Amino acid sequence: MSMDTTPREIVEPSNEDTEFVFFSGKGGVGKSTVSCATATWLADNDYETLLVTTDPAPNLSDIFGQGIGHEVTAIEGIENLSAIEIDPDTAAEEYRQETIEPMRQLLDDEQIETVEEQLNSPCVEEIAAFDNFVDFMDSPDYDVVVFDTAPTGHTIRLMELPSDWNAELEKGGSTCIGPAASMEDKKIQYERAIDTLQDDERTSFAFVGKPEDSSLDEIERSGADLGELGIESQLLVINGYLPESVCEDPFFKGKREDERAAIERAKAEFDADAMATYPLQPGEIAGLDLLSDVAGVIYDGEEPTVDVGSATDVETDQSVDTDALADPASIADRVTPGAETRYLFFTGKGGVGKSTIAAASATKLAEAGYETLVVTTDPAAHLEDIFGEPVGHEPTSVGQANLDAARIDQEKALDEYRTQVLDHVTEMYEDKEDTEIDVEAAIANVEEELESPCAEEMAALEKFVSYFQADGYDVVVFDTAPTGHTLRLLELPSDWKGFMDLGSLTKGAAPAKGDKYDEVIETMQNPEKSSFAFVMYPEYTPMMEAYRAAEDLNDQVGIETAFVVANYLLPTEYGNNAFFANRRAQQEKYLGEIKDRFETPLMCAPLRQDEPVGLEELSAFGDEIAGLSDIPEREPEVTVS
Amino acid sequence: MTKLTLYEEAMCCSTGVCGPDPDDELVEVSAALDQLEAEFDIEVSRANMQHDIDQFLETQRIADLVDEHGPSILPIMVLDDEIIAKSAYLSYDELAAEIREKQNAPQEA
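Chains as they are written, first to last, in UniProt numbering: chain H, 1 to 641; chain R, 1 to 109.
Isolated chain H (complex conformation) (with noise of 0.2 angstroms):
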């Protein structure tokens, strides 16, 4: 890393013109507390500034002790700042009531709840969501316009208007992201808004994570996805590491040291021009005096102020006896196969330590005498390095007696689709003889409408599908489960169907690719065959995170929470001083608080000094989750004579 240019520096505003500044980062590494403590930074310094949060489930009230909400806002006792709350759901639903007011005058009700049902499209949702940045990317009032979340390379690659759609608008039929008529200025709009993205003298993307490996790995994947966009990453900020006078056993000195590596390796590997560092506290960030200490250190050089000996803040009565919350026996029911095939998902941000608690309870039930496959969709797919064997496209042993692994290749996925759609789309012109149409015109065009990200979304899909239809295992366990919004995307061949049995379109033959999607999903719904668990760490962004994915799993495909994780408990035995207290005593409130939220039993996972490798250590990781070590033994098969 080339480290010539300073935090201050990439925020400041250059010149005359509205400066812009992402942060980005996963849910619970302080990405909002850092936004606050920049926007109250630049505000404190003179500049005109605006801090925009799209967060579903703000905290910016909590931060500045006022309430904020989806108007602008001015922050009291800080001069120069405003701040706003969007709701991106609101925003969705608010897209969606434009679009249908109109058509009430043709449709009855029954008509308008079809299309309403058909727009609650994951596309929707992202566009609704660019559009939140979008409206504030015009924003001359102010010198700095700071956003606590950032567009993803994703949302930015549908978003760019690819030549077909270009194409497609000229002709003035509709695209993914809206009609064409209404996209004209749109597409200026939008255009206008990737190109800013895209200066570096006008925007900054900064990058909050944690000082571990997997939340780094994330940082640098989403950084490269970006930078194939154009957009530079600028900032890394590293957020709660260790302070170094509160490891006093072995325990914390190592995590301590592990920490240390990871934030030299970002240093040494992370393409981004300058980067800083904040501890970790003893409590969470709220109130004016800790964000003017958080950005007095990354932006003026301070050093960190760390209140370590403060008695623990979170009152007695809030703290909960975790020992009863776990149960064991719910847990092992809910993991255990019956006489189906069960399917098993772990689901969560990244950085929850899903991978790991999917290797292990995979290790627990191949040992339990469950035929066990374990498979991973996650880009990152460290499962190799969890169980310290190669793990590839297909299914293939790890070592363990019943124990098979896979992951998801991306590419392989992409080419697989892309290969099965184009075959489709050449046999059915096949099959018309008679036609004077351009086959090869025809088919080029589909080709180029593959190259859009809801390609890759779906090739994705199709593979996770495919293992619904692996043969000879007791159990299937996902570590990272499709969300609430890809599985609409399974769902909404069906619903089209639905639309088209109105009577207008035929589709022709009823797909045989729709009904397996259908089976596919009644399989996920049916507590049954399937369970979903979300994993967390008890900490207010990731419970509320994993909440709302929960809801949304829920209201969109009608699937229920299984069970949730709670992962990275911290150890009772180590950490003995007022710090750990503190921080002990904050995940016995949230773990009352998921437990209360969710009302599903609760697996508890510990805080480990080192991540379990290989067979050995996650048998004996998985012996130390309630739940886990009372998996019942496989009965014996039944030979019929």
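Each hint should be verified, as a subset may be incorrect.
Stated by the list, open to error - Where chain R lies over chain H, by a calculated footprint (3+ residues, C-beta under 8 angstroms):
1) 104–114
2) 437–446
Said to hold, decoys possible - Residues from chain R that keep clear of chain H, each with C-beta distances beyond 12 angstroms, as calculated:
3) M1
4) D34
5) E82
6) I84
7) K102
None of these hints come from the bench; they were simulated from the model.
On a predicted model such as this, the values are computed, not experimentally measured, just so you know.
Using N, Cα and C, we set each Cβ at its ideal position, and we do this for glycine too.
On the provided structure of chain H, position chain R as indicated by the hints.
Just chain R now, kept in the frame of chain H:
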């Protein structure tokens, strides 16, 4: 210039390449329209209910048809002022024939 207008149901992508299966019919229509535009002196426009509801409302004839029959009357294909198809897409061959007929017909005074 001859104008070919399609009034279609609410849909995400009129290209048909969206979702797990390509929509055969839409793929065909898109390809057919591209080719017709290249081969004939015509102007093609597509209006779907989700995105271009205004065009439905502004065209009384179309609005009346949808109002009366519901969206099952769609797609409607209009060549200049003549409705050439209801509740169905015409194929490339059929469209080409319609256009030839229209363009070879003597101009009305």
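Comparing the hints with the structure gives:
With a threshold of 8 angstroms between beta carbons, the proposed coverage of the segment 104–114 of chain H by chain R holds, since 5 of its residues qualify and at least three are required. For a cut-off of 8 angstroms, the count of residues in the segment 437–446 of chain H with a CB near a CB of chain R stands at 6, and the three-residue condition holds. Every C-beta of chain H lies more than 12 angstroms from that of R/M1, the closest at about 14 angstroms, which supports listing it as non-interface. Against chain H, the non-interface label of R/D34 is violated: not every CB pair exceeds 12 angstroms, the least being about 7 angstroms.
The Cβ of R/E82 lies farther than 12 angstroms from every Cβ of chain H, with a closest approach of about 19 angstroms, so its non-interface assignment holds. For R/I84, the requirement that its beta carbon stay farther than 12 angstroms from each beta carbon of chain H is met, with the minimum near 16 angstroms. The claim that R/K102 lies off the interface holds: its Cβ sits roughly 17 angstroms from the closest Cβ of chain H, which is beyond the 12 angstroms cut-off.
The structure is inconsistent with hint 4 alone, although it conforms to all the rest.
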